[in-house]
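Undergrad: For the record, the sequence lines run as chains A and B. Just so you know, we're using our numbering here: the first sequence kicks off at 1 and counts up by one. Just so you know, we're using our numbering here: the second sequence kicks off at 1 and counts up by one.
Simulated from the structure, these hints should not be mistaken for laboratory data. Treat each hint with caution, since some may be false.
Quick partial rundown of chain A residues pointing at chain B, CB under 7 Å, derived from the structure [stated by the list, open to error]:
| hint | residue |
| --- | --- |
| 1 | L23 |
| 2 | Y39 |
| 3 | Q53 |
| 4 | A125 |
| 5 | E131 |
| 6 | M208 |
| 7 | F222 |
| 8 | P239 |
| 9 | L242 |
| 10 | A264 |
| 11 | A267 |
Virtual Cβ for every residue (Gly too), placed ideally from N, Cα, C.
Spelled out from the first residue to the last, the chains are:
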Amino acid sequence: MSPVSTATLARTPRPRSRRRLLLNTAAALTIVLCLFPVYWMITTAFKPNRDIQSDTPRLLPRTWTLEHFRTAVDADGFALFWRNSILVTLTAVLLALVVALGASFAVARMRWRGRRQFMLLVFIAQMAPWEALIIPVYIISRDTGMLDRLPTLTLVYFMMTLPFTIVVLRGFIAAIPPELEEAAQVDGCTRRHAFRHITFPLLAPGLMATSLFGYITAWNEFAYANFLIIKQQDSRTLPVWLSSFQNVFGTDWGATMAASTLFALPALAVFLLLQRHVTSGFAAGAVKG
Amino acid sequence: MSVIRDSSAPPARPRPPSPPAAEPGRGGARRGGRAGLWPYLLAAPTVLGMLYLLLYPLARAVLISLQDFQLRQLIQGDARFVGLRNYETLLTDERFWQVVRRTFLFMAANVVLIMLLATLVALLVERLGRLWRTAVLSALVLAWAMPVIATTTVFQWLFHSEFGIVNWTLRQLGFGSFERYPWFAHGLAAFTILVLLIVWQSVPFAAITLYSALTTVPAELYESARLDGASAGRIFRAVTLPMIRPIFMLVLSLEVIWTFKAFVQIWVMTNGGPGDATTILPVYAVQTALSSQRYDLGSAASMVTVLLMAAVLVLYFRQMFRQEGETL
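In isolation and in its complexed conformation, chain A is listed as follows (with noise of 0.2 Å):
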């Protein structure tokens, strides 16, 4: 439709012009809508109390301030939660990448009596109900002792980034020719060999994407970081402590949107790399779920 609109502007311009406006407005009016608590969140880590604390807000802060975030980053247990984080979350990615590449590299390129039915499988498993299991889970978890430790959550998002991991490798792997192992295991390599040095190495950016996705589930989970870890509160994770934060830090909206900023920092910054990858094919592959 766009290019088109120059050609016609110029024929009947009032109409197209006006259109125009009104579209223009209505995509400001969107991006304003999206970009502004993203916006608030930051400018508020970013000004001192006072301007936080009065009668008018300011869009933009006056002074800025770093104090925000010291006081969230010197709070208890922040340098802990955030280890904690990142040791659960990369563990359970690359838990689920390994195991993804396998049962991912058997769909694509096997035929085995029971494919059709481990792929129905794994997309049931996409859409398991996590928010009706958190009881079972819990009971489980304390019958074998395993509450209150971070391994039990690495299993729970292992489970949870698996399946989108598999369908996602799936594709990746289906479109690399095989033809291309073919002709290695014709020139005298194993079949292992020719995956490791001629499917892999293509496969990379695939993995790269896939494993950020997963990344972001887990950072972000909340209700089982929740219910699993209860008494040993140096075991939790940083969504946890953020959801706690006012109890911790009580009315100081400054520091505790700065300790959101931090924590939405790195989820945004890979949104924003992967972007292409986002409003293309991944749309399709649920990922948010």
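Given the structure of chain A, go ahead and fit chain B onto it with the hints provided.
TA: Below, chain B alone, put in the same frame as chain A:
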């Protein structure tokens, strides 16, 4: 490899009916003997994970929902079966039915708003010039990327009774009654904020997905419709809508299922309160189980949730397999 495959025994069992998938050259593991085990070995960890981390908890929840399982039984482990008594208790409890009704109301409000706004935004993005389109898409992606807990915290700050920017804006617009209006103390207000929060978080995904569906509609279709003199509204109904219907239904069922994920936002923001005003099924289940130690009743409520989700899931899968059934 291909040499080995060619010399291997002809397939003993009939291959799946889909002809393109059954063509030789793609098939890897038909080497007979030990090699035939490879795909199963590769798939085994996934299957084991699903069995232990999904199926076992689900089965355990079903069991608990059929038992008398409270704090004592949790500690001593001597739960006994009571048949469907927990479901009876639940289904005769007026409070439970209120929660079910509220769940559906919450779901309807969210899904209708999300789909409506997302369709509008998708149509808008399609009609924009390149610069504006990139800007809107980037803004959508940014909103999508915001972690749930961070957004929930920010919304609490936006709607803060004393220093919140929303109350300030409403006052400037002449609504004096919003002077220090405590949003989270009123049931309906808290419910509204949660709907706003969920909609804000969900529209980007839906809009981007619908937009990519719109881009697959061939331009010739629009052109011929326009040449035939169809109005804009008629083009939308007769051309656009039928073309994006499959993706639309897919997104719709996803959003219905994801309503239950609002558990996190509700738990952090209102804990189901004030009173019961924002308690939906998963919140009710966890409150009953972990706060009142009625694990049996909580599990029964969870199973009702699973049944509700399963009904929607069947629709979702039918749609999805129509979409990519061949590639499975």
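Undergrad: Please go over all the hints and tell whether each is borne out by the structure.
TA: Here is how each hint holds up against the structure:
1. L23: OK, holds: L23(A) within 7 Å of chain B, min 6 Å.
2. Y39: Not OK, violated: Y39(A) not within 7 Å of chain B, min 10 Å.
3. Q53: holds, 5 Å
4. A125: With a minimum Cβ separation of about 5 Å from chain B (threshold 7 Å), the hint on A125(A) holds.
5. E131: holds, 4 Å
6. M208: Check failed: Cβ of M208(A) comes no nearer than 17 Å to chain B, outside 7 Å.
7. F222: At 5 Å from the nearest chain B Cβ, F222(A) passes the 7 Å test, so the hint holds.
8. P239: holds, 5 Å
9. L242: holds, 5 Å
10. A264: Where the cut-off is 7 Å and the nearest Cβ of chain B is about 4 Å from A264(A), the hint holds.
11. A267: OK, holds: A267(A) within 7 Å of chain B, min 5 Å.
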